[in-house]
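Asks: Work out the full structure, taking the sequences as your base and the hints as a guide.
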Amino acid sequence: MASATDSLIFRNLFSTAESSAIWSDKSRTTYYLRFEAALAIAQARLGIIPEKAAQVIVEKCRYDLIDMGELERETQRIGYPVLPVVKQIVRMVNEVEPGLGEWSHWGATTQDVTDTATILQLKDTCSLVSKSLGRIVSALRAISTTHASTPMAGRSNLQQAVPISFGFKMARLLATFQRHQTRLAEILPRMAVVEFGGAAGTLATISDTGLAFKVQEELAKELGLGVPDIAWHTERDRITEIGLFFAMVTATCAKFALDVKLLMQTEVGEVSEPYYAHRGSSSTMPQKRNPISSVYITAMASTVKQLGATLLDAMVEDHERSTGPWEIEWIVLPQIATMTHATLVHTRDLLEGLEVHPENMKKNLDLTKGTIVSEAVMMELGKYIGRQVAHDLIYDLCRDAVKEDRPLSDLLMENEAVLKAGIGKAQIESLCNPANYLGLSEAMVGRVLGREGS
Numbered sequence: 001m002a003s004a005t006d007s008l009i010f011r012n013l014f015s016t017a018e019s020s021a022i023w024s025d026k027s028r029t030t031y032y033l034r035f036e037a038a039l040a041i042a043q044a045r046l047g048i049i050p051e052k053a054a055q056v057i058v059e060k061c062r063y064d065l066i067d068m069g070e071l072e073r074e075t076q077r078i079g080y081p082v083l084p085v086v087k088q089i090v091r092m093v094n095e096v097e098p099g100l101g102e103w104s105h106w107g108a109t110t111q112d113v114t115d116t117a118t119i120l121q122l123k124d125t126c127s128l129v130s131k132s133l134g135r136i137v138s139a140l141r142a143i144s145t146t147h148a149s150t151p152m153a154g155r156s157n158l159q160q161a162v163p164i165s166f167g168f169k170m171a172r173l174l175a176t177f178q179r180h181q182t183r184l185a186e187i188l189p190r191m192a193v194v195e196f197g198g199a200a201g202t203l204a205t206i207s208d209t210g211l212a213f214k215v216q217e218e219l220a221k222e223l224g225l226g227v228p229d230i231a232w233h234t235e236r237d238r239i240t241e242i243g244l245f246f247a248m249v250t251a252t253c254a255k256f257a258l259d260v261k262l263l264m265q266t267e268v269g270e271v272s273e274p275y276y277a278h279r280g281s282s283s284t285m286p287q288k289r290n291p292i293s294s295v296y297i298t299a300m301a302s303t304v305k306q307l308g309a310t311l312l313d314a315m316v317e318d319h320e321r322s323t324g325p326w327e328i329e330w331i332v333l334p335q336i337a338t339m340t341h342a343t344l345v346h347t348r349d350l351l352e353g354l355e356v357h358p359e360n361m362k363k364n365l366d367l368t369k370g371t372i373v374s375e376a377v378m379m380e381l382g383k384y385i386g387r388q389v390a391h392d393l394i395y396d397l398c399r400d401a402v403k404e405d406r407p408l409s410d411l412l413m414e415n416e417a418v419l420k421a422g423i424g425k426a427q428i429e430s431l432c433n434p435a436n437y438l439g440l441s442e443a444m445v446g447r448v449l450g451r452e453g454s
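The numbering of the sequence shown is UniProt numbering, which starts it at 1 and goes up by one.
In short, the hints are calculated from the structure, not lab data.
Computed from a prediction, not measured in an experiment: that's the story for all the values here.
It is possible that some hints are incorrect.
[Stated by the list, open to error] Heads up, simulated DSS-like pairs for lysine-lysine below, C-alpha to C-alpha not over 27 Å straight-line:
| id | residue 1 | residue 2 |
| --- | --- | --- |
| 1 | K26 | K261 |
| 2 | K221 | K131 |
| 3 | K255 | K305 |
| 4 | K420 | K383 |
| 5 | K363 | K221 |
| 6 | K305 | K123 |
| 7 | K420 | K255 |
| 8 | K305 | K261 |
| 9 | K363 | K420 |
| 10 | K369 | K425 |
| 11 | K403 | K420 |
| 12 | K425 | K403 |
| 13 | K87 | K131 |
| 14 | K221 | K123 |
| 15 | K363 | K255 |
| 16 | K52 | K305 |
| 17 | K425 | K383 |
| 18 | K52 | K221 |
| 19 | K305 | K131 |
| 20 | K363 | K425 |
Replies: See the structure below:
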């Protein structure tokens, strides 16, 4: 096993069939061939190369005609795969008519082909990512709607803080993923551009035709890409931006996964991962139901983050063609892309089948004997005796509630300062009901769902 994403056993956990196909040798080579065919079409259309040459080049730019064994051997010998592909195209075209194949790859350089292929791979990956984000957003909208007013304990420093609704918790995640959708839409036009500049990016080899920029435009049109303002052989911000975007998206998934793991603890039990027979089971403890999807999300997000950081090193490239940093992208991009899609798929499945346990949320809210809403009591009492005085009083009563294992409401109804403030039993009981102290949880959910004021 070279890596988890290539493993027969692990590949569908740490990768996906769709994303792996995009980053396979077959697809990479196919993207090279698409570039060469599109370039020939564009140049023949503009009269730069013979129409017949373009026709035969396009006919021979088929993956099934490429000798992959020869490509492997020549790549090891030369050091990169584009030239061996071009040599095979030239040979095949020349077999149809001697000399015709020499019009292949006209005015292009290896990095033009490689970078454009990488952009096409990233564009296709982003299509998968976009679809997954759409499914995640739909699932989160459903959960947020259903549980907009389901009370649970908000937690700060792993301690119960104040009540929130579960829908509020999920709507925060929803808002984040909606921002990711916006980010992706903004990034794509910057990223999805062709690279065609020749040796140092100046298009010197075809500049005498007066049609060099037009070739760029026609090539980009054939490939469904945009046209850059200038060559970007050693300006790698496009690649790094999408890589770090993937890192940010997977980190969002990992935040959710961490919350799921904490909420799935036996002592908490407020949510569960979707149930499948023996999913997350232990070899020795039959009672266990481990948060296995969340575990994979955590591991992959961490890996994508580390690999994404190396793209910052890949940006530090020398002059007009670099001596090493470029190849970093070859190593890490396939893993970043496939793990990102796998992370999103795990997150999607987790959300679409998430089991929510409101009864345990209520039980956990009751654990503190009402002290979880001490802020509500403090703020109400503060209107009569001052906020700080009320804070110190409620602080002491909360400690007594814990020590004596009594409800805070009972202690409040026995306290002289509270009674003097004129706060009666009904008001105390209302203040001590966690479901009455959700703040604007439901309204904020409505805002995220686009139903402001509902």
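Asks: Against the earlier hints, flag every one the structure doesn't satisfy and list their numbers going up.
Replies: Those not satisfied are hints 1, 5, 7, 9, 13, 16.
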